[in-house]
Structures are given as structure tokens and as C-alpha cells.
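J.: According to our numbering, the residues represented by the sequence shown are 67 to 660, in order.
Hints were generated in silico from the structure; no laboratory data involved.
Don't take every hint at face value.
The list that follows gives simulated cross-link-like pairs (lysine to aspartate or glutamate, DMTMM-like), each with its CA atoms no further than 20 Å apart [what the hints assert, rightly or not]: (1) LYS553 - GLU519; (2) LYS553 - ASP304; (3) LYS379 - GLU536; (4) LYS302 - GLU536; (5) LYS576 - ASP589; (6) LYS379 - GLU545; (7) LYS381 - ASP367; (8) LYS96 - ASP442; (9) LYS576 - ASP592; (10) LYS379 - ASP367; (11) LYS496 - ASP592; (12) LYS230 - GLU383; (13) LYS496 - GLU580; (14) LYS192 - ASP589; (15) LYS96 - GLU444; (16) LYS230 - ASP385; (17) LYS553 - GLU536.
Simulated restraints on C-beta separations [to be verified]: (18) HIS586 - ILE508: 16 to 26 Å; (19) VAL285 - GLU545: 37 to 47 Å; (20) VAL451 - THR305: 41 to 51 Å; (21) TRP268 - TRP308: 25 to 35 Å.
Backbone N, C-alpha and C fix where the C-beta goes; we use that ideal spot for every residue, glycine too.
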Amino acid sequence: MTIHIEGLVAIALFYLLILFVGIWAAWKNKHSGEAEGTDRSETIMVGGRDIGLFVGGFTMTATWVGGGYINGTAEYVYLPGYGLAWAQAPFGYALSLVVGGLFFAKPMRSRGYVTMLDPFQQLYGKRMGGLLFIPALMGEIFWSAAILSALGATLSVIVDINIKMSVVISALIAIFYTLVGGLYSVAYTDVVQLFCIFVGLWISVPFALTNPAVADITVTAVKQVYQSPWRGSISKSDTWVWIDNFCLLMLGGIPWQVYFQRVLSASSATYAQVLSFLAAFGCLVMAVPSVLIGAIGASTDWNQTSYGGVSPKEKNEADMILPIVLQHLCPPFVSFFGLGAVSAAVMSSADSSILSASSMFARNIYQLAFRQSASDREIVWVMRVTIFVFGGLATVMALVTGTVYGLWYLSSDLVYVIIFPQLIAVLFVKGTNTYGSVAAYIFGLLLRIGGGEPYLKLPPFIYYPGWTTENVLNNITGEMEDIVIQKFPFKTVSMLASFAGNVAVSYLAKYLFESGKLSHKYDFLDAVVSKHSAEIMDKTTLVGRGNNIGLSEMKPRLSVTLAAAFTRRDTLPTEPVEEEEEESSPDSSHHDEE
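Please work from the sequences and hints to get the whole structure.
T.: Here is the structure:
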């Protein structure tokens, strides 16, 4: 195995730069929020709510533009039979940010929540918040593991160093500066990382385009030269699958703590919306070099390159097309710039996911569910420990699990079919309760798992209309095997069924208990009858500056009862009191009815 000294030096310099920026950001903002009396734990989670447009726009864009984003976009554009038509991530995630900015950013930020799970615990109670934490945590951990795994493979292609060593070093650096500075370090390093991605990939593109082995990409877009045109097409039988996947990206990209962490760190609700729109534009811009690299890969005569006569697709290395193009079609010094870009992309997403998972655990599980009297210092230490634990878990999975991408696909589907419909219900539908939330959780889980997951070799037990079987090669065993392919848009149908189940069961439970058809003693979740009782109103705690007041100590007629548990008044923009009270609780109408 040859070690490329120039490559190692380039990566070492890049990693040192990132580490320096992360530590500098932590030092620069170590006293942030102290003047306003903001807790240190909240500063780590949402950066003292003073992230401006410049840093905020960069950090939100960098969260989406990760290793999976730039590698995956290039892969789908390159893949024969798929092409640009199936490279859905750039437009899907850009629209996701637009939809999030239009409908979700303002209500979440104006109510002063600290994490995405706050409104669920506010309305459905701490137990339901804990259940919803499971798919959210799985999504963040598996996402980190998947992109760390991609980084290891990418580094090994260009620099020819040990995959495990490169993954461990990258993860340790991301974990260290996240531990030291929280959201501030993550946000400031994102600015540097996004700049590196942009410069690194754009430096590489002209060299790859002008390589003698590459045909004119405008010709190969529409004509078959070395493989089918990279523009791609969608067959009639795949239309519903394409729509299902696009809805998954567009709507399923919203209910992630990595997104709301940036929304909630904005200095106002309006800024939170603008950040979303800036990031949407940034995602599209950052996808352009990846699309071009995928097109270059599809337009290359590999016989003329150092890669060899067999194409990456035939070698089953299509997912590595971006680093392969950098190494074999660009001069060495250029490919190392590109390599730095890929490393930057991975670290910018991994650090965000690890911080998001630890924020949700420390606040929504440890503090609000188990230790309501926990001091701020205690919460900070819980966050630090969980950043290390979750980061370590993602790293181990990246090194050990061969099916890390399958786990990521399934967990992201669960975020879409379980958390997204519940987020709509908790923010915009008055009258939903814990019974509806439990039913929606079960409906979404069964309908999605029932459809199976080919990547995990998980067979379906629900065969949706239009299902078919395909004979594919097992990369691990090298044998051909039959897998079931669902042509029905069952992910989106599962999401809609989950939402309908929440509303229907909530209103049914409300009717049965309030009409007296079911005795009040059967309201074992305290979700309908007991919800407005001063004696049992202790689903969460009012977390203020240094003092904790149980909701059971508050008067039930107070118009901001439950919302006050999660709202920091000093963080809200100055708005008329009437409007604030009207928006303060998604279920405030219940209090008025009592």
C-alpha cells in the first residue's frame, strides 16, 4: 500500500484548520448569553439565539450539503438507467427548506422552543416525547454513521490510507470541537467547511472536463456514447416510486433536529425563515459541481485513464464516482483539494447530527422526563457525555456495520412517516391528544416496516399494489437473489395514514370521555379528562432561570399554561401580547373551552 505524502499533508492541514476554527469559536463565545441570564446548556443547544444571517445561512446549508449529498448526487447522475432525472436530493432538499421556512420555522421559533421534541412533550406528555425521540435519534446516529463510512471509503480511494484510521480521526476531531463549543463551534466550522467544499469541487471540475478521455457532456446528456445518456428518464412504471421518493425528501427533510436547531438559534422568527430560504438556494448552488462530476463520469472512456478498462459501474463502485473522477481525471494536487472538500462535507454533517441527538436526549429525556430538578451544570455534563457516546456509536457503526446505508434509509423513512405527520398535528391541528399520537405512531410504524427494506434484507409482510420481484447481485455473498420491489408510493401513504389516524383517534377519545360514554377513570394517559386538572397537570416542568416550577402549582385558567414550559420570553421578538398568547400553545383553545 502506497502512502501519498502530499495527500496526507493536505488532509492534516485541513483538519487542523477545522479544529482551530472550532476551538476559536468556543473561546470567542464562551460568555455568550450570560448577560441575558441564558443557561449554559441552552447556549450549547441553540447558541444563545443570536446566530446571524451570514453564519446561520452557511451552517444550515452545510448541514444538508454533506458527504452523502455530494457523493450521492454525483452517483445518481452517473448511474446508467438513472441519471439527472433520479438525482432528487438537490431539488428535494431545497424545496424541503422552502416548505420548512414558509410553514414551520415561524411557529417553532416564535414560541421559543429549545428542541424539536418540545411541542410534542408540551402537548402529548413526556412518555410520548420519549417514544418520538427513538426514530429521531436513530435518524441522526445512522446518518452520521453513513457519512463517516462514505468518508473512509473516499479517503482510501485517493490517499490509499487505512479506512478505519481515517474514520476514527475524522470523528474524533468533529466530536472534540462539538464537545468544546456546542452550536457555536459547529456553526463557525460549517462556514469554513462550506467554503472548502465549494472551492475544492469547482477547482476540480475544469481539469476533469478538459481531460482527453472525457467526451462533450452536452452530447452525452442526450446521446449514448460510452453508456446511456446521463440526463436520465423516468419510466411510466416508476412514476409513483419517483413521486414517493421526492415527497420523502421534500417533506421528510423537515422534522429533523439538525434543521430546527438552526431555526431555533436564529435571533428572530423572521430570521429563521430567511435562513431556510438562503439554505435552499445554497443547496442548489452546491449541487452543481456534483452534477457535473457525475456527468463527467458518464462521459469518460475509462480505457484511456489510469482507472482501467472496466467502468466503475461494472466494478460495482458507482457510489465512489466522485473520488474516482478526482483521482483519475485530475492532477494529483487538484484531487487533494477535492478530497479536502469531501472531508469537509462529511464533518459538517456529522458534527451537527451528533450535537442534535445529544441536545434532544439531555433536554427532552434526561431533564424533562427524569430529572426535572437538574441543575444547568448537570445538563451541560449530560450533553458532553452524550456527544461522546453518540459520536462513538456512529463511528463504531461506520466501521463495523455493512448495512449502515440500509439502516439510514429505514430510519429516515420512519422520521417521515412517524414524526412529520405528528409535527403537523401538534403545530396546526387543534384537539389532537396522546391517544391519537400513540395510534399514529403504531399506524406509521406498521405500514412502513410492512413494506420491507431491500437494503436490510427485510422482507415485506404487506404487499402493496404493483409489487414485483427483481433478481439482484448480493455485494457481500456475490450471489444473485430475488428481492421484492414495491412500486406503490407506500411511504407517503403511510405518512398520510399516520396523520389521519392521529386526528381520528384523538377526536374519538375526546368524544368518548367528554360525553361520558367512557368513564373518566379509563383516561390512563391523562390526555383528555385530566388534561386541564390542576392536580394532574404535571406532564412537564416550567424550566426557568435557575428555578423549576411544576405545572401542578399553576392555575389551569392561565392562558399560556403548557407553552410556558418551553418558552423563554427573553428570546422572543417584541410582538403584540394578544398575538403571542394566541400562538403560544397549539392547543390553547382547550383552555378557553374549560
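J.: Does each hint fit the structure? Answer for all of them.
T.: The hints, checked one at a time:
{"no.": "1", "hint": "LYS553 - GLU519", "in the structure": "13 Å, holds"}
{"no.": "2", "hint": "LYS553 - ASP304", "in the structure": "7 Å, holds"}
{"no.": "3", "hint": "LYS379 - GLU536", "in the structure": "18 Å, holds"}
{"no.": "4", "hint": "LYS302 - GLU536", "in the structure": "17 Å, holds"}
{"no.": "5", "hint": "LYS576 - ASP589", "in the structure": "10 Å, holds"}
{"no.": "6", "hint": "LYS379 - GLU545", "in the structure": "17 Å, holds"}
{"no.": "7", "hint": "LYS381 - ASP367", "in the structure": "15 Å, holds"}
{"no.": "8", "hint": "LYS96 - ASP442", "in the structure": "15 Å, holds"}
{"no.": "9", "hint": "LYS576 - ASP592", "in the structure": "11 Å, holds"}
{"no.": "10", "hint": "LYS379 - ASP367", "in the structure": "13 Å, holds"}
{"no.": "11", "hint": "LYS496 - ASP592", "in the structure": "17 Å, holds"}
{"no.": "12", "hint": "LYS230 - GLU383", "in the structure": "19 Å, holds"}
{"no.": "13", "hint": "LYS496 - GLU580", "in the structure": "16 Å, holds"}
{"no.": "14", "hint": "LYS192 - ASP589", "in the structure": "16 Å, holds"}
{"no.": "15", "hint": "LYS96 - GLU444", "in the structure": "17 Å, holds"}
{"no.": "16", "hint": "LYS230 - ASP385", "in the structure": "19 Å, holds"}
{"no.": "17", "hint": "LYS553 - GLU536", "in the structure": "12 Å, holds"}
{"no.": "18", "hint": "HIS586 - ILE508: 16 to 26 Å", "in the structure": "24 Å, holds"}
{"no.": "19", "hint": "VAL285 - GLU545: 37 to 47 Å", "in the structure": "38 Å, holds"}
{"no.": "20", "hint": "VAL451 - THR305: 41 to 51 Å", "in the structure": "48 Å, holds"}
{"no.": "21", "hint": "TRP268 - TRP308: 25 to 35 Å", "in the structure": "29 Å, holds"}
Violated hints are absent here; each numbered hint is respected by the structure.
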